[in-house]
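K.L.:
Listed below are the residues making up each chain.
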Amino acid sequence: MEQSVVDTGVNGSAYESPVQAYREERRLRQAGAWIILYLLLQAQLGLAWDREWHDLVGRDQFWIPPHIMMYSGLGGVGIVALVLILADTLRYRRRKPGVDDGSTVHIFWVFHAPLGFLMVGFGAFTDLLAAPFDNYWHQLYGIDVTLWSPFHLMGSIGGVLAGLGSVYIFASEASIERQTPGSHDHFLGLKGSEWGVVILLAAFIELTLPSLTAFIPVPLGSVQLLTYPLILTIAVCGSLFGVVQTIRKPGIASITITILCVEALFTQLFVPWALDYIVPRFGYTFRFAGRDPSFNTTLIILPLIFFLSAFLVDGLSYWQRLRKGTVQDSLRGVMIIGMLMTLPLLVFPSLIVQMLLQGIHASVPPDVIHVLGPDWLDTLVTLPVTLLLGAIIAMLASSLGDIWHLSRQ
Amino acid sequence: MHLRWIAIFGSGIVVLLLLVLLLVLGKLPGSGQAQQKPARSETLTVGPYTTVVNLFENPPQVGKPLEISIVPREPIHLSGQIQALPRAGTNSTPTHASLVADTNQPDTLVGSLQLPVRGGWQVVIELDGPKGHGTASFDVDAIVPNALPAWLGWFIGLSPLVGFAWFIWHQWRYRRRLLSAAQSS
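If you read the protein sequences in the order shown, they are chains A and B.
Residues in the first sequence are numbered from 368 upward in steps of one, following the numbering used here.
Residues in the second sequence are numbered from -2 upward in steps of one, following the numbering used here.
Please note that the accuracy of each hint is not assured.
Claimed, not checked - Which stretches of chain A does chain B cover? Using the computed rule of at least three CB atoms under 8 Å from a CB of chain B, they are: (1) 431 to 443; (2) 503 to 511; (3) 524 to 531; (4) 578 to 590; (5) 740 to 746; (6) 764 to 774.
Said to hold, decoys possible - Here are some, though not all, of the chain A residues that point toward chain B, as calculated from beta-carbon distances under 7 Å: (7) I402; (8) L520; (9) A656; (10) I759.
No lab work stands behind these hints: they were computed from the structure.
In this text, all values refer to a predicted model and were calculated from it rather than measured experimentally.
Using N, Cα and C, we set each Cβ at its ideal position, and we do this for glycine too.
Produce the entire structure from the sequences given, and follow the hints as far as they go.
P.N.:
What follows is the structure, given as structure tokens:
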């Protein structure tokens, strides 16, 4: 794969009418990007539904409604990516304006397409490859195989790759628009492609919420290492530093968490409704008496604590850019802020569960109590690992944000 | 404008076609036909009825329909259903199917069970007829031929990580080039 940083004439050096020359290509890529975004969100909702379906109904066949929702989304993503890759390869060979070495990468000596579409294609392919293997693994080892099985992890890698790929697509579009003369449509201060980045990175955090209870504590002698703060750190620090460095506008991390709250609320409203509606109508039955689908309050409250992390990274970004008067430089001190951002992620989930159980005597699912239930000694043991991970993820995500901000491929 | 709509509608049609294909493929496993010769037969007393139960695959394979026929010893018209309950150590949920009269031999009941997970299962037969209701059961062990070893599963499952690691390294270098290009411009 070849990636170049050549100037492609977006500022008018190579084409007679730069704005017009790019219009066609922009529309093609942006239409593809929005369709992919919709299909990814559909697949993600299907995944959240599937997780509850496994718990409450079981998994006795592949063709269950959540799987159809999830895999039709992923299959669609793969097809749209393939169509765009082939279209851009053709347009590259025909030397169409806007499709050149500066805005595409080439792969396998034949294809020329934006990096994001290639990543989305590979991600969807990985997921679709994992699906029959996963079905086979369930046949071998049973229906309650958790996230920690080889083909669930393979599917997760594919999903992350497809998600990152679509961020690359939107970010490159935002970068091209930023460097192209002329006005662009804005909504609440953000361009359409910037909204795409925000929605996707919020969805990346949302992806972790329904699967949080799969991150069970790891015993270390008489204490335990909590693993849920680690995945929260990866998702929250990664997404927030990524979005701040990509878009570089004040308050963008807080906007991302606001979008996350909407996505989480929608997911938690949809999943119990879909189970209640579909299970009896399609002849399925719930596995356990007394465990009906219910609204998971913990997963609705949890995103609110991410605002604390968002305020930290927004504050750092605002302060540094105010001092320097430029948005082009990379952020400094990201590792320290990354560590600070992990503290609410480590402490507050347990506090929420404690508050729900003892404060208002709410009903909390047993798996949530098992994983998020308060044990302050375990929290102390997990603290150094979480701080270290926060620093590393902040550094990596900030670097990725630099690429997303600058790259036009 | 034109291109955008072609892309949207083209992708929509392709997604629709994929869905149809998935639905058609989903129907395929149910379309298998019972073999002519039973692979296992045993006489079973189901309440007041003495029957011969025929399994057309033994041991049954996971994911493939297990065709079952129940032939009463005396000519009698029966109805009923079959259930498969996972035995201890088999991590699954019960599955069931109705028994219907064979079109060629009206006294014989036929049904098809699909066992979703490898391991021990208890097949329960419930019959209703002029002498009342009866229940009996027998055990089967579902198999998966040529099962993938666990290490190979993990090897395949985690293999995309190699590509992922390469991609991170590649992007790290690309970032350096981007930053130096941005500084020089």
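K.L.:
Going through the earlier hints one by one, which of them does the structure break, listed in rising order?
P.N.:
Numbers 4, 5, 9 and 10 - these are the hints that the structure violates, sorted from lowest upward.
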